[in-house]
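Residue numbers (my numbering), protein chains in the order written: chain V, 1 to 415; chain B, 1001 to 1415; chain W, 2001 to 2151; chain C, 3001 to 3151.
These aren't lab readings, by the way, just hints derived from the structure by calculation.
Careful, some of the hints might be misleading.
[Unchecked claim] For each label pair, taking beta carbons as the anchor points, the in silico distance ranges come out as:
1. W:GLN2094 to V:GLN193: 37 to 43 Å
2. W:GLN2094 to B:ALA1415: 30 to 36 Å
3. V:LYS24 to C:THR3051: 49 to 55 Å
4. V:ALA253 to B:ALA1142: 17 to 23 Å
5. V:GLU76 to W:ASP2053: 36 to 42 Å
6. C:ALA3087 to B:GLU1073: 52 to 58 Å
7. B:THR1331 to W:ASP2053: 19 to 25 Å
No residue lacks a Cβ here, since even glycine has one placed at the ideal position from N, Cα and C.
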Amino acid sequence: MDTIISPLFDVTRIRQDFPILSTKVHGKPLTFLDSGASAQKPRAVIEAMTRSMETAYANVHRGAYHLSEAATESYEAARIATQRFLGATEPEEIVFTSNSTAAINFVAHSYGRGVLQPGQFVLTSEMEHHANMVPWQMLRDANIGIGLRYVRVTERGELDLEDLAAKLADGKVGLVALTHMSNVLGTVTPAAQIARMAHEAGAKVLFDGSQAAVHRHVDVTAIDADFYVFTAHKLYGPTGIGVLYGKRKLLDAMPPFLGGGDMIESVTLERTTYAAAPARFEAGTPPIIEAVGLHAAIDYVTNIGMGAIEAHERALVDHAMAVLPGVEGLTLLGGAQDRGGVFAFALDGVHPHDLSTFLDRHGIAVRAGRHCAEPLHTRFGVEGGTTRASFGLYTTPEEIDLLAAKLTEARRFFA
Amino acid sequence: MDTIISPLFDVTRIRQDFPILSTKVHGKPLTFLDSGASAQKPRAVIEAMTRSMETAYANVHRGAYHLSEAATESYEAARIATQRFLGATEPEEIVFTSNSTAAINFVAHSYGRGVLQPGQFVLTSEMEHHANMVPWQMLRDANIGIGLRYVRVTERGELDLEDLAAKLADGKVGLVALTHMSNVLGTVTPAAQIARMAHEAGAKVLFDGSQAAVHRHVDVTAIDADFYVFTAHKLYGPTGIGVLYGKRKLLDAMPPFLGGGDMIESVTLERTTYAAAPARFEAGTPPIIEAVGLHAAIDYVTNIGMGAIEAHERALVDHAMAVLPGVEGLTLLGGAQDRGGVFAFALDGVHPHDLSTFLDRHGIAVRAGRHCAEPLHTRFGVEGGTTRASFGLYTTPEEIDLLAAKLTEARRFFA
Amino acid sequence: MSETGDIADLYSMTLRDLARDPAHKGRPEAFDATARGDNPMCGDRVDIYVTLDGDRIREARHVARGCEICQASASLLAELVPGRTQAEAHALGQRAGEIAKSGAGNDTTDELHRLSIFAVVHKFPSRVKCVTLAWNALDAALSGVKETSSE
Amino acid sequence: MSETGDIADLYSMTLRDLARDPAHKGRPEAFDATARGDNPMCGDRVDIYVTLDGDRIREARHVARGCEICQASASLLAELVPGRTQAEAHALGQRAGEIAKSGAGNDTTDELHRLSIFAVVHKFPSRVKCVTLAWNALDAALSGVKETSSE
Ligand SMILES: Cc1ncc(COP(=O)(O)O)c(C=O)c1O
Ligand SMILES: Cc1ncc(COP(=O)(O)O)c(C=O)c1O
């Protein structure tokens, strides 16, 4: 198979944008199949961050001088770019946080404690990353009368929509918090349908888009999401910055979470009033340099085109589905119809950790463990963990072939 | 005056380490006097971050492959560097957060709600940055029986230690939370003495070292601080990362704050148990690239020597104290004996905002406003704000002279 | 453009006269509506007082603690809004904001011409808020809100 | 060193035999102390069961759900600790961790020589925890703690 899957998508040229992809690991060319954990960074992102530090850096929002104006402009331009990337209506609906985890915790605190009422429930699923499970458990355990329900996952690794409907039926769910794409099964969930079901049952809906936003074009307005979160480092951007989208009306009704500078309207010793969103939720010096990096990452993927990226990754998924099941002793976790480029599997007789070390010595980076989704592993009876290969826009079919070949070798080695 | 203040400290050479310092603003050489808000970045920091993204990037902690091992090693090396920088006993006492504000909020939530008891008080001061005031107000207003007291500030801009003693006297204060250096007055507080007083009264003590840690050698063990926070972007490091130091015993006793990946020990649908500190407090993907940047910043200032930096800044303060009061119509805020390179002032007849714009057109970056310390401005009767010049290790006496000259010009211009 | 020119352009005679002009300053003894505008970042504060004549503004006055641009904007507001309805006053405020933000100031009507002294502000992006604060407060006063903010 | 060599060094015959060795595996019917070691990141889990003879360990057994290194380490533990006091067993565990971390394994005594199969682990930094998990669990069992973690 040729590496150029689509004439629109020259993966060989794209790989040259990522300096790390030309490094060697243990003397072998790097085969990076762990983008689901964190993606590599294109030169455009690295250079944008460098440029901001070399030519336009200062603290934002409070300075009436050139560098601070320039930094503020870049920071707010990143907000606008993010708004457009997600199809949000206004830039004020975009709150910068430190990662997806912080964004979900924000909602769990500000909306969960500030808006949900005793007797209401949060509805999440067995399929979630811990980031979209532990904050809701902490809310449940805060003894303020908020309960927690889980949507079941089918054998195929899809959300059980009948179970979802059943658990919404009594109208007691105030917030549905579900992943838009599983970081273990690759399953893409039917977000628009879920939002409709939630809204009909009187609930708001949050989507954890940490994986989905990387792999497809997301339009929060079309989906009618109330909250949507993602994290820059998986979108080829820097660490240290994540995104919380919230509908304006909802954000305006939420109390702040963290207190400090930049989120206030006035402070006296006795009483503090808070600024409007998004400032109210951005206490302290924000990730200024990281926002510039995120902006560059959004521009980078947008220039390639989310549609082209999706098509490329769909081709990779098809290729993997053709190749991986041919590896003797390999069992894939889940088999959703709508799935992205994430494959968790067990290899008979080889422990994931041993396998991961073996592959590493061949330059192949995959992840072993439970991928921050312990209940899902329990659900599928693989408490000990799995090995996971996940793709990025720079992944090639040849890399998948190499993986398959080395899996077979590993099985022989550990026999 | 010669720019080389000390033979140990060649400021001309040091300035060459900072690419932005050779840029021009409105056609004038940049005179950056806003390091107190955020400092500029030396090439060493920029390059370390670039290198990490180009050669050693992956998500940390969970990967059994080379790049993840390398990234984990850098991330944990940054923790050890921070531990040494602060004189902490163990690396486990260092928690990475997103900034100082987040670090203080962590303590307000985890220690404030998790350990303090109803009937106890937090004692802070009129002199604090909002970051060390609003979280305690939010704790007070959470209706869990925790009160808030403020230490008075003297005319000179020092903490009133008699008032501190009086407010500790009834033994009801559980936590003293005070700045180690004011970001408005420049006042350095007697941390070791405060800690002793707090401990004698049965209270723990947190220092907001956001300013102090930049200007002097800090040793949390010598001070006997229970908590100490600072923020990398003021220490010539990147945005997106801050530091919470906490004594091991205290951290171990605190419940987590944010929930998600990496902070758990085990997760089931019903029950989650949490990892030990610091992991328990670092939910989600941490600021990996930023930790590398912070490490480089710590190495940078340590190589120059915190003692040399302190001496350089002391000379700058002396110079400013000799020059600024000579500007007609200028009133300095505060006049503490022990002070760092931060000067807030009023210029008779000229509004700070107008002044800041005027200075900007001469290439001089200063900050106008209330510097996230509104109650302090109220205390000193300057509700409308002040203009603030703050120094970094690259500041020269000539820059202070230029400021003084332009202040005089501004007064004429706006007369 | 020379940078001294820049500064002198911003702080034009017209602007500085407006900033000092006592005619529109001070709390009136009686008024029908008032609101306070606060800029938390810089500490600027403007109180706007309005007397009404049916659905039209009869008089506006201000007490401003702020920079010269903020004061000038409040004075110009007080000069321009008498005789206008709430909607008209709001539209004028929007226009003032646009002019300050984009520099587009080639309107032909007289009032709009007066607003064009703020066109130069677009070269000083952090100062746009200084222009809009008083207008936000006026909007708030006319719609019965007590406080507003330019952040 | 060739990379195949590397892998083969890590998964030496000795290590793989230990990992499979049934002699020290299985939950005994009676025991005096037990504890569980969990590695939350990778899902490894080791249960250690100890019977005592006064202040000395008589026997140790394990049930390990983990990689080969983890299993081998648990088996070697079960082989080495009988006859030792809590303090001696702890010291041995510390030594195992040091060897895995630093690669220093040139001890002369017999038991320590056995531990040196883990010296190669220092070239695989993320695997050090696989060696220490069982030893942490033993420590926990002997001091009455029920669970421990290698994170
Ligand atoms: C004394 C003091 N405390 C706290 C902060 C807050 O730091 P950050 O904005 O990085 O959270 C600052 C700086 O803004 C400060 O000067
Ligand atoms: C589905 C999903 N949700 C949430 C997260 C958490 O993202 P972060 O660690 O950046 O907060 C991840 C990635 O780790 C993820 O894959």
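Now for the hints, and whether the structure bears them out:
1. W:GLN2094 to V:GLN193: 37 to 43 Å: Roughly 40 Å apart at Cβ, these two residues keep to the hinted range, so it holds.
2. W:GLN2094 to B:ALA1415: 30 to 36 Å: Distance hint for W:GLN2094, B:ALA1415 holds at roughly 34 Å.
3. V:LYS24 to C:THR3051: 49 to 55 Å: Check passed, 51 Å falls within 49 to 55 Å.
4. V:ALA253 to B:ALA1142: 17 to 23 Å: Hint holds: Cβ distance 19 Å, inside 17 to 23 Å.
5. V:GLU76 to W:ASP2053: 36 to 42 Å: holds, 41 Å
6. C:ALA3087 to B:GLU1073: 52 to 58 Å: violated, 32 Å
7. B:THR1331 to W:ASP2053: 19 to 25 Å: With a Cβ separation near 45 Å, B:THR1331 and W:ASP2053 fall outside 19 to 25 Å, so the hint is violated.
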